[in-house]
Amino acid sequence: GEDVEQSLFLSVREGDSSVINCTYTDSSSTYLYWYKQEPGAGLQLLTYIFSNMDMKQDQRLTVLLNKKDKHLSLRIADTQTGDSAIYFCAERPGGGFQKLVFGTGTRLLVSP
Amino acid sequence: DTAVSQTPKYLVTQMGNDKSIKCEQNLGHDTMYWYKQDSKKFLKIMFSYNNKELIINETVPNRFSPKSPDKAHLNLHINSLELGDSAVYFCASSRGTSGNNEQFFGPGTRLTVL
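Chains as they are written, first to last, in this note's numbering: chain A, -9 to 102; chain B, 378 to 491.
Chain B on its own, in the form it takes in the complex:
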């Protein structure tokens, strides 16, 4: 059983399109995250949700809109895709927001914008 899963694994699309990436965790965790890893492998947090509420939003363009329909899902919708959005997007989850809560990562979604 996959703990944190993402779909799709690969996404190739044209500039200007709108696309969504889905994330699901079956660990019963309360907190979920989206990270972006660029071509140089630099990894940076984008958003975090705790119990379906947004708690971290790291100066991400408002073309990116996360949505958490329930605690087990955190989707990422991207409008008007740009070349610079090409990256690997990782979803993660953790039990909560206090103490040491190990973050479990999904396998990543490689987005290529042409």
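If we strip away everything but chain A, and leave its shape as in the complex, we get:
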């Protein structure tokens, strides 16, 4: 089945690291993604990881993938107030289709 879960809220102070977690159920997922949605806006792709990788780093962003536990995390280093948004993880299920199955979204609040 396809089910992607995230915790609903995360609150951090500016300058701290944020870690947003995600679990998924489809073991045949090929790609996993992190999207950011700012208030009133569409979704913006932040980064993605192929299922045969366990880590990917992109500037302040670090993605960790534990395929055995079907667990994905996004670490944001030196979190800024501009990082406040909803973060969605998404999986691309196996089967050749391009659809994305999104998680429930984590609302990140960064306080000064």
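Source of the hints: derived by calculation from the structure; they are not laboratory data. Be aware that one or more of the hints could be misleading.
To be verified - Pairs of lysine to aspartate or glutamate, DMTMM-like flavour, derived with a Cα cap of 20 Å: (1) B:Lys386 - B:Glu401; (2) B:Lys417 - B:Glu459; (3) B:Lys417 - A:Glu28; (4) B:Lys418 - B:Glu459; (5) B:Lys421 - A:Glu28; (6) B:Lys418 - A:Glu(-5); (7) B:Lys421 - A:Asp16; (8) B:Lys418 - A:Glu28.
Stated by the list, open to error - What follows is a set of in silico ranges between Cβ atoms, one per label pair, in the way DEER data are often shown: (9) A:Asp44 - B:Arg487: 34 to 40 Å; (10) B:Glu479 - A:Asn56: 20 to 26 Å; (11) B:Arg440 - A:Gly5: 47 to 53 Å; (12) A:Gly5 - B:Asp395: 49 to 55 Å; (13) A:Asp48 - B:Ser416: 30 to 36 Å; (14) B:Asp395 - A:Ser101: 44 to 50 Å; (15) A:Glu28 - B:Glu479: 14 to 20 Å; (16) B:His454 - A:Glu(-5): 32 to 38 Å; (17) A:Lys46 - B:Leu491: 43 to 49 Å; (18) A:Ala67 - B:Ser457: 46 to 52 Å; (19) A:Asn56 - B:Thr489: 39 to 45 Å; (20) A:Gly5 - B:Lys429: 47 to 53 Å; (21) B:His454 - A:Thr15: 29 to 35 Å; (22) A:Pro29 - B:Pro438: 25 to 31 Å.
All residues carry an ideal CB built from backbone N, CA and C; glycine is no exception.
With chain A fixed as given, assemble chain B onto it according to the hints.
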């Protein structure tokens, strides 16, 4: 230049009406999508078209009818609108259907059914 654009941005209408939302992408992509985001921010795919052909239809009521006149456009027509149709509808596009094809999202259309 906006990569994926949607019109209108806001749509307020009465129950029972028929309405359309339009989407256009200028990225030269072959694949387009409609997603629905409900009031709890849960985002779910509705349809996908590849080269004007329907490839994904996720058990959406048949009051919803997508139409793709060409690769750059994917419109969504909704008949007999219901209160539960109130949501934000996002259009997206990607280069194709294989490998990792980043999906680019439009700004969304907020539909309110009264």
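Index of numbered hints that the structure contradicts, given in increasing order
Per hint list: zero violations.
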